[in-house]
Amino acid sequence: MRRPPIRQLVFRGGIEPDRIFHHNLWYRGHTNRRYEELLPRLERVDAYLLFLPEQRVARGIGYRLVGRSPGTRSWIVRAGSRAYRSAFVTEIEQVAWFEGPIVVDLDDPAFDEREVELLQRPNVRAYTVTAEKAAQRFAELGVDKPAHAVPQGAARVDPAAAAVARRRRRQGEIAVGYVAAHLLLGTDRGGSNPLYNVEHLLELWQEIRARVPAARLWLVGAPSKTLRDRLARRDDVVLTGRLPPTRALAQVANFDLALYPRTEDQGIRAAKVAEYLGAGVPTVAYDYEVVADLRESGAGVLVSTPREFVTAVERLARDPLERSRLAAAAQAAGRARDWDVLAGEMAGILDRYLSPS
Numbered sequence: 335m336r337r338p339p340i341r342q343l344v345f346r347g348g349i350e351p352d353r354i355f356h357h358n359l360w361y362r363g364h365t366n367r368r369y370e371e372l373l374p375r376l377e378r379v380d381a382y383l384l385f386l387p388e389q390r391v392a393r394g395i396g397y398r399l400v401g402r403s404p405g406t407r408s409w410i411v412r413a414g415s416r417a418y419r420s421a422f423v424t425e426i427e428q429v430a431w432f433e434g435p436i437v438v439d440l441d442d443p444a445f446d447e448r449e450v451e452l453l454q455r456p457n458v459r460a461y462t463v464t465a466e467k468a469a470q471r472f473a474e475l476g477v478d479k480p481a482h483a484v485p486q487g488a489a490r491v492d493p494a495a496a497a498v499a500r501r502r503r504r505q506g507e508i509a510v511g512y513v514a515a516h517l518l519l520g521t522d523r524g525g526s527n528p529l530y531n532v533e534h535l536l537e538l539w540q541e542i543r544a545r546v547p548a549a550r551l552w553l554v555g556a557p558s559k560t561l562r563d564r565l566a567r568r569d570d571v572v573l574t575g576r577l578p579p580t581r582a583l584a585q586v587a588n589f590d591l592a593l594y595p596r597t598e599d600q601g602i603r604a605a606k607v608a609e610y611l612g613a614g615v616p617t618v619a620y621d622y623e624v625v626a627d628l629r630e631s632g633a634g635v636l637v638s639t640p641r642e643f644v645t646a647v648e649r650l651a652r653d654p655l656e657r658s659r660l661a662a663a664a665q666a667a668g669r670a671r672d673w674d675v676l677a678g679e680m681a682g683i684l685d686r687y688l689s690p691s
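For the sequence shown, my numbering assigns the number 335 to the initial residue and increments by one for each residue that follows.
The set of hints was computed from the structure by calculation and includes no laboratory data.
Be aware that one or more of the hints could be misleading.
Listed below are the simulated EDC-like cross-link pairs for lysine to aspartate or glutamate, each with C-alpha atoms no more than 16 Å apart in a straight line [as the list claims (entries may be wrong)]:
no. : residue 1 : residue 2
1   : K479      : E507
2   : K467      : E630
3   : K479      : E533
Ranges between beta-carbon positions, derived for each pair [unchecked claim]:
no. : residue 1 : residue 2 : range
4   : D478      : R629      : 26 to 36 Å
5   : E541      : D685      : 50 to 60 Å
6   : R471      : E541      : 33 to 43 Å
7   : E427      : F345      : 49 to 59 Å
8   : A473      : D672      : 46 to 56 Å
9   : D569      : R375      : 35 to 45 Å
Glycine included, each C-beta is placed from N, C-alpha and C at the ideal position.
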């Protein structure tokens, strides 16, 4: 990936015919992990990125100004259409403004009429999704374009960072972990979002801790002030705060068990589950399609009720041999999801459908 200045689109000088246009928002400190990992590995892509600040209030203002509606940035895509022959699009609305051949990646599709209409436009050569099931659903809706599944990926664990994280563990503890960008309670702004609300997790944890006194809960992500206050002086829960990706993955690699207790089946495949696999960590989750990677790899225990969830965590906490078996399955699945491997697949798709000739 190259990152040319946006002014290059105005002057349109020195753009080789094999270069592929891309535009998106980029959130400093936290952005879409799929594109954070894939884009730098796609050599033909020129990424024109608009950066939003890391501070939450400033980021929210920036998002309302230029992020909520991609139409506010349509001029960038239209300029890209005049300067480039082809585009790699990760915001599907951009299809309406780019006239040349396009490959679209949909990591979290809505399957609505607008997506179907845009995918069916003649200049869309192919599209990629994170699971075959998503492509099948689009086909049922009438989309007849070539589709390819490029799953959510997993980064490699840095051994040095993992060793540093390991030193924070207590002797004999069972490290149980959960990762989210934000860790919120129901009273927090945005706390109704099941991706970030940890109320149910804390309810589960009360019972888990009672059954497994040696267990400690590691929460990786940015906690709200109300959550910090609620957990103050608790020695059975650790708030790491938001960590850079390398350190966050190193922390995950030190979990004995990972949890995915989200109570709604949002999305197609969860990026966090792919990271758990990459770190070689057994996972307990509710049995939804979004965690199908666990079912297919045999790297976790899927349950239907809170009672089953607590029981599964207790059983694995007391059975190191079973944890080792699940961890081996996770490691094998994680190797297949290495970002270098997936980027090679995506690059091949771009070469196939967006040939400069």
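Compare the structure with the hints numbered earlier in the document and write down the numbers of the violated ones, lowest to highest. Of the numbered hints given earlier, those the structure breaks are 1, 3, 7, 8, listed in rising order.
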